[in-house]
Each structure stands twice: as structure tokens, then as C-alpha cells.
Amino acid sequence: AERLAAFQARIDAEEKIEPNDWMPAAYRKTLVRQISQHAHSEIVGMLPEGNWITRAPTLKRKAALLAKVQDEGGHGLYLYSAAETLGVSREELTEQLLSGRAKYSSIFNYPTLTWADIGAIGWLVDGAAIMNQIPLCRCSFGPYARAMIRVCKEESFHQRQGYELLLEMCRSSEEQKAMVQDALDRWWWPSLMMFGPSDTHSTHSAQSMAWKIKRFTNDELRQKFVDATVPQAHFLGLTIPDDKLAFDAESGHWTFGEIDWDEFSRVIAGDGPCNRERLSARQKAHEAGAWVREAALAHAEKRAARRAAAQVAAE
Amino acid sequence: AERLAAFQARIDAEEKIEPNDWMPAAYRKTLVRQISQHAHSEIVGMLPEGNWITRAPTLKRKAALLAKVQDEGGHGLYLYSAAETLGVSREELTEQLLSGRAKYSSIFNYPTLTWADIGAIGWLVDGAAIMNQIPLCRCSFGPYARAMIRVCKEESFHQRQGYELLLEMCRSSEEQKAMVQDALDRWWWPSLMMFGPSDTHSTHSAQSMAWKIKRFTNDELRQKFVDATVPQAHFLGLTIPDDKLAFDAESGHWTFGEIDWDEFSRVIAGDGPCNRERLSARQKAHEAGAWVREAALAHAEKRAARRAAAQVAAE
Amino acid sequence: MTDALFTYVLRLADDAAILGQRLGEWCGHAPTLEEDIGLANVALDHVGQARALYSYAAEVEGKGRDEDQLCFLRVERAFRNCLLVEQPNGDFAQTIARQLFFSAFMLPFWEKLTGSSDATLSAIAAKAEKEAAYHLRHASEWTIRLGDGTAESHRRMQEAIDLLWPYTGELFEADDTVSELVAAGIAVDPQGLRAGWLATLSRVLEEATLTLPAQGWMQTGGRDGRHSESFGHLLSEMQYMQRAYPGHTW
Amino acid sequence: MTDALFTYVLRLADDAAILGQRLGEWCGHAPTLEEDIGLANVALDHVGQARALYSYAAEVEGKGRDEDQLCFLRVERAFRNCLLVEQPNGDFAQTIARQLFFSAFMLPFWEKLTGSSDATLSAIAAKAEKEAAYHLRHASEWTIRLGDGTAESHRRMQEAIDLLWPYTGELFEADDTVSELVAAGIAVDPQGLRAGWLATLSRVLEEATLTLPAQGWMQTGGRDGRHSESFGHLLSEMQYMQRAYPGHTW
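Protein chains in written order, with our numbering: chain A, 1 to 315; chain B, 1 to 315; chain C, 1 to 250; chain D, 1 to 250.
If you are wondering where the hints come from, they were derived from the structure by calculation, not from laboratory data.
Take these hints with a grain of salt, some might be off.
Derived Cβ-Cβ restraints for the label pairs, each shown as a range [said to hold, decoys possible]: (1) LEU73/D with GLU175/A: 15 to 21 Å; (2) GLY216/D with LEU73/C: 44 to 50 Å; (3) GLU175/A with GLY90/C: 33 to 39 Å; (4) PRO231/A with TYR134/C: 58 to 64 Å; (5) GLY257/B with GLU59/C: 51 to 57 Å; (6) ARG137/C with GLN215/D: 51 to 57 Å.
For clarity, every value in this text was computed on a predicted model and none was experimentally measured.
For glycine and all other residues, C-beta sits at the position ideal for the given N, C-alpha and C.
Please put together the full structure from these sequences, using the hints given.
Spelled out as C-alpha cells, the structure:
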């Protein structure tokens, strides 16, 4: 209890907790869950975008998309490393993802149907992710906070790139603008769902706030996102697919309609348009790559043995 | 020797030899080799055409191509059946094909690169096949002769269809006509090679003629093909890719240049553009389908066992 | 009414065309020579149905488009086929399960549609009904063989049934388009076919020693142009020639 | 000279674009997360090279085409890439073997090309050389790991080497286009690179406990637009957007 109080005092003083510091088991568990979900989201998130790499309409866009997906893989790597500092191995985390026990952001269970979806993911999905992640740059756990600083920087770039892609399309032709509107229609609500259940239903929240893993509630972040995004949509000349959307001059916020929480729960639970494809794609890649990982391991062992033998011979 | 004389007398009298009739071992062996090569050619021949089914430019052409490839599978079936009457099983023949020991027409080791190639195969490859096969309708071995009658009928249809396809392309635009010329440039010489080595180098020929398995020499059939095809090419407004091509008014034949016999031998021996792809496609289909064939067998046995048990119970 | 009829016929045409396209991918790669022929035959029937249906849709639309423009020059979001038919071939069991689900629905569907007050649809249905009877028999026989074959084939067949089950809900969807045409005696009410469909499946799966999945959540979106990610790849191949050579005849 | 230069640069551009396209197919499906990133990186370098080379080819041609028109609006028979780069990814060993053969050639090639009398080519080469050094190191390390790993990885790596070997002959082909430009001090004579290429391969394959195939017959045709059957399928996907939406900007 004394250690717990000292721990909380450090947190309250905005000190960073480092992997070798003492921490409550629940703090550790919460972080492992959150960081690994975040890492899994980066990995699964490569799939809907990867779906368009071979069909990108220009070489410039193909290069940008490749670079973006590569960055996401990199984010996955940092985050798995941050989770590893908490004593959980990448193998365990991978196994949790492949067995379907671990969660990832449910937005990636929606399909990318047109090229405009690539822009919409950058603008909306990365936009929502940044909203969620900026406060995490001040998270009490040092490795996570530092990973988030780098991740946020890259994701801001991706978001601007996504928005610029859509702007180009909206300017180029009515046909393309309609594609963009269609993408917004399909991605808007799932993006709002990215902030999680509303505060009245959110578990974990209060404790995470006290631990400074979280700094804002789900609904606060969602509102920030809506406030930031609606004017961007209007600048593109698009309509947000929400009858109830209205600007409240008094509060300075955009009010919006009710999220379809049934859809949210259903997709989280596994019944989204692409849940099975996503998991199956990861599983297939893992199985098809097993012989490669085994070979790399076998080769490393052979090298180590040869080095050891050489050392013995030299002594 | 007496039986042999009687056998030859029946052949000379244009009688058909049937599977249960006595026949010399060499006659049987020659037929098995020829019929099975012919069957394998039909099967492997499905691949270059199958390559364009998913990309056929119109639904009408897609339907025609599907029907054609289906017919080829059917020809493969009759021919395997004809070979089976000579005491060799389909499994053995398939194994010979997959192991690379059996030969098939080397024309199918060339790739189909454009849609015009589909027309060129119908016109030239089926055209050459028909030239080879029409005399086989009078082959001394009954089952082979009867299979050939049906095969030839269907292939004449395919040939007309292929020519009509090219005619349509040549009429539609200069761009398409250039595609057709390009296809002719690539398929002309391999088509001439379909008749086999020149008479001066052909093994097997004399005995096959005596047995009335063959009725014309390779060079005779090749000449017939050239004579029939050159005017068709001219009607399309195309140029045969042969500087030496000339009409000999005296003989009424088209004389033509020397075939590249090195290429012929090389492609037969395995070093054509697609030999490995073709064999590998067949092998993969065979391996991927193994569980299906095993299941069908297991199910048939279960049914037979159940029927037998029911019969016993009823007695 | 014209709009509804156009949409209705287009949905049927897209179903047939896309299933034909998928089946055509098998060509030369089937588990036996007989199946290379058999699947090509089923593919051919669907391409034939697609031709008749697209031509009629074009006629109803009256804007001078033809069967090929409808098939090869519409974008992904304009396609109205159900998600079931666009699902990748997978292994042979998945192809058979897709066909079983679809043909068990289409056989009674075409049968009923022969009574349509629309003479063209009725005529198309009469031909398609005979074809669907063969497709259903073919798929049923294979389902039974694979289900009641080896342990591996049983497992694969059951997995295929389970995998594709959530795509069967769309077969029974009836929106305003359908209701309007049902009321006019033109279209078939799919709800009326559900009991028969389930009975057919139950009979086949029972003989195959396989289990019919529990109801549960069903995928949707195809009739609204929201397809699977694999669909765009199918289209890029199917439409390539018409896209690369616009305005040519073939 | 302009024609020859256009052809020469276009060949290099097509090589880079098509290899980049193939590598891009791996995205999300690689054996490890590190390789998902690594292969994307190699893909990205090749797409970048393709952009620079197509832009220069367009400039040399002087007909107002741009990098995207050259990449996305030419037909199959107009592509001039060597057959090696278009070969399907196959398993990871095949992808690595393709990269090893190609990068072991391209590294000294770019190195030499930095001395080209053509300033643009020389500048492109200077950047590409650094990238190729990484590609070669990456492919060599994997070749060694897989060759000297498990029995299965050894078998797969050797099969990949043997499978792709006949496609390496094209790298050393020198036709009139090349000769003319070599004489002008613009291009690199590929024949001069053969000994070094073989030495690199021998060194890597030896450490990998793998066998260099015997010379033998070599495939050809890519520089003349005669590609593999798989190439048309690659193009139908790569070019789909520009074909379906001609004249739009993205």
C-alpha cells in the first residue's frame, strides 16, 4: 500500500514510469492490453490499405501508400517492443492475435472498396487515431509515451496526405467527388466508433485516468474529432452522413446523432464485413512463413555454434 | 507370323481392328503412344486458352471460349478411353504426363499474350490439328478412328470460330489488326512444327503408314496446311512471316522457308517459354485435387459396402 | 416500374455473370478432368444466363447500352450481385458449397419465375430452370461425396459450409424494388422460397453427414454495391480488355 | 540516338516498375513483420526509380507523355522489362532468389552508369546504386539464412535458384540499342558485368551451401515485349484505375 501510494505520487507528479520500476499488477495488465491492441491494430490495419497497393492510380500515390503501410508496420514494431518491456513476448502477442483472443481496432474490419477509401482512411481513421494518441504522448509509462511521439508525428503526415488525396479527387471531377462522398458515407460512423463506448458505458476509464494512461474520456475525444473534422468535410464540399449534425454556437461544438452501438458491438464481437478475412489473412501469412522463421532460427543457431567452436579452438 | 499376315491383310482390306482383336505388340505400343500424346495435348492445351477465359473481351466470346475449352477436356476424355481399350489406365497415363515422361504437342509451350492469340490458336493450331486428324478418322484402330470423327467435327467448328474472331478484329480497327498480325508472327512457325520432323528425319513413319495409323507423311500434311492457310491469311490482309513464301504456279503449292528445327527440338526437350509452367500447373492441380479424388473413392466404397450390407440383410 | 425492373434484372444478371467468372477461373485446374469439364459447363450456363439477362436489362433501360457495356463498363459500386457469388473459389469444397447454396435457391426461384407476367423473364427462367436443376444435382452429389468421404474431405466441406453460410441471407432480402415487382406479378418473393431452400439443404447435408449452421448474423451489402475486397480484383481482370480498348468490337 | 535512349531508359523503368509491383503484392503477407517492412521498402525504392526513369523517358520522347501514362497506359506487348522481374512472387525463397539475381546485377550496373555521359542517367544511377547495395545485402543475407537453415528451407531456396536461373540470361543481352549507347558513353555494356555478377553469386551461394546452376538455355523475349502469361494478369491489376478512369487526376 505504501508502494502503491508512492507510485501514484510519482504519476501525479507527472514522472514517467520505466519498465524496471515497481508498478501495480493492474497497471501493467492495463498497459499490456492497451499497447498490444494498439500494435495489433497497426498490423491488421496494413491489410485494407495493402489491398490497393497493386492498384494505386499513379506511381506517386503507389509510393506514398507503400511508405504509409511500411510506417504502420514500423509502428507495430515499436509498440510490440514497448509491450515487451512489460514482460510479454511478441510470440505471445502474435498468438493472441491469430487465435482471435486479442482485439484490434474494429475499423479495420470494414473493406476498402474504392481508391477514395485510401484517402478516407488517412483522413478519418488516422485522424481519429491521432486524436486518441496525442494525449498518450504524455502517458505515464515511458516507453509507450515515447513510442507515441514518433507514431503521432508519422500519422499526422499520413492524415494530411489522405486529406490531400481526397482534395485532389474532389477537384478533378464530379465522378471522383462522388467516390469521395461515398467513402465518407461508409467510413464516417465507423470512425466515430473508434473512440470506444460512450462514457456512460466505458469500463476501465476512471482507473486509466487516475494512472494517466488516459487523459480524456472517449466522448471528449470523439467530440474533438467531430469538431476538427466537420469543417474539413465542408471544405471538400462533402456532406457528413448524419441528419442530426448541427453546430451549437453557444458551446462552439458540433452536435451529432447517435452511434449505432449494436453495429459497434457486433463488429467487435466478430461479425463485421471483414473480420474473418483479416484474421485469415494474418493466419495464412503466419503459416506460410513458418518455414522461413524456422530457417532463420536454425541458421542463427548454426552461426552461434560455429562461433563458439571457433572460440574454443582459438583458446 | 501367320497371325501377323492375317492382321496385315485385315488392315490392307481397310477393316477396323477392335480392342479384343489380336494385334502385334508394336502396333499396340505405337497406338498407345500416339493416342496418349494426343490426349495429353488436349489437356495441356486447355491451359493457354484457359489463361484468357477470365479476360475475354465480350460475354459472347467468353462463352465460346469456355465451350471450346470444355470440348478439349471432352476430347481428352474420349482419347484416354480409347487408350484404355489398349490396356493402359488413365492413372498410368496421367502419371506419365505429370512426371514429364510423356510428350504433348509442343505448340502448347508457347504463351498466349494477347486476345488475338485465342483466335490464332483456333485458326492455326486447331487448323493444323485437323489436318493431322482427318486422315486418322480412317485409322485402322476402331476406337481411335471413331474418337477422331467426333473430335474433328468439333475442331472444325473451333477453327471457323477462331478465324471469325480474327476477321472481326481485323475489320474493327488497325490497332486490333496489328494485334492479329503479331499473333500470326508468333504462332505461324510453331504451327508448322506441329506436323513433326521433316520426312527425311521422321522415325516411326513407314511402319505407321503400313499399319494405316498414318496415311500421309509429315511433310505432305504440312504442305496441305500451308496451302490451305496462306490464302486465309491473305484474306485477312495479313503477311505470313516468311520471306521465302512463294506460290508455285506449276505445282499449285505454296513453297515456304526452312523451319527452325533447333527451336523445335529444344522446345520438345523442355526448354520452351512455358514448358515448366504447363507441367507445374498440371502438377499443382493434381496435388491440390488429391483429397477430392480420395474422398470420391472413399465415398464410393462406403456406398458399395452399405449396399452389400443391405442386400445381406434382405436375404 | 421500369427502374425497378431494370434493377431487378440487373441483379440477376450480375449474379450470373460474377458466378460464371469465378467458375471460369477453375479452367484447367480442377481436381479431375471430369470436373474441369463439369465446372466449365456450369460456368458456361451462368455466362449464358448473364447474356440473356443483361440484354433484357439493356432493353428495359432503353439507353442504348448492350450486354457487354453493362458487364464490362460499370464500376465496382454499381454492381448489384449478392456477396455469395463473388466469394473466391477457395478449395473445391468452397466452390461446391457456394454452388449448393446458390443453386438450391435458384432452382425454385427460376421455377416460380416461369410464371412471371413478364414474358421475357418467364422465357429466360424456363431455360435457366433446367440448368439450375443440373447445377443443384452436381453440387449436391459432390457435397455428399465430400461430406461422407474421408475425414479430411468431411472437415473441408463442413468448413466451407460454415464459411459461406453468412452470405446466404442476401438471397432472401426483399427491398422495395422486389416488393413492387412481386405485387405486379413480375418478380418472385424470395421469402416464400426459404422453407424449401432449408429443406433441400437439410436433406443434402444430412446425407453428407454435415451440420447446417445455426442462423446467426448475415452479411449484406451486395445489392447496394458494397462488395468484398476480393471483388475489385475480380473486376480488374474481367473488365480489362473493354477498359483498355474502349469502343472496339471483338 | 533519341529513339535508342528512349528505349534504353524505358527498359530500365519497366524493370523497376514491374519488380516494384510484384514486391508490393507481399504487403501484409510476409513471413515476419520485419520482412513486411523490408519488402515494402525494397518495393518503394523500385517504384521511386521507376518514377525517375519514366519521367526521363517521357522527356526524351518529347511527346507530352508523363510517368503515369508510360506506366499505366501501354499495352502488354509494349512493355520492355526483362522476364526475371515479372516472375510471380512464389514463396519467399523465390522472391529472394529473384531479388538476388537482379540486385547482384543492378548494383555494379548502377555503379558503372554513374559514369554515363548522360547527366540525368548518371544522377539517377547515383541514387539507385545506394538502394541496390541495400537490396543485394538484404537478398544475400536471406539466401544464406535459407540455404544454410533447415532442410526444408535449403530445398526451397535451391529450387528457387534453379527455377529462376533461365531468366537471368536477359540481363546480359546487348542489342543495337545498347551498343549504340555504349559507344556514345551513355549506356553500360552488360557483358562487362558478367564476371562480377557470377563472382557475387558464387560467394553468396557458397556461404548458403547452395549450388549455382549450370549455364544452359536461357529464356528471352522481355526486351521485345514477349512476356510470361502471368504478366497480363499483373498489368490488368496495375493499370485498372487509369484504364477505368481515363484522363482523371489523382
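Hints versus structure:
no. : hint                               : result
1   : LEU73/D with GLU175/A: 15 to 21 Å  : holds (18 Å)
2   : GLY216/D with LEU73/C: 44 to 50 Å  : holds (47 Å)
3   : GLU175/A with GLY90/C: 33 to 39 Å  : holds (34 Å)
4   : PRO231/A with TYR134/C: 58 to 64 Å : holds (59 Å)
5   : GLY257/B with GLU59/C: 51 to 57 Å  : holds (53 Å)
6   : ARG137/C with GLN215/D: 51 to 57 Å : holds (56 Å)
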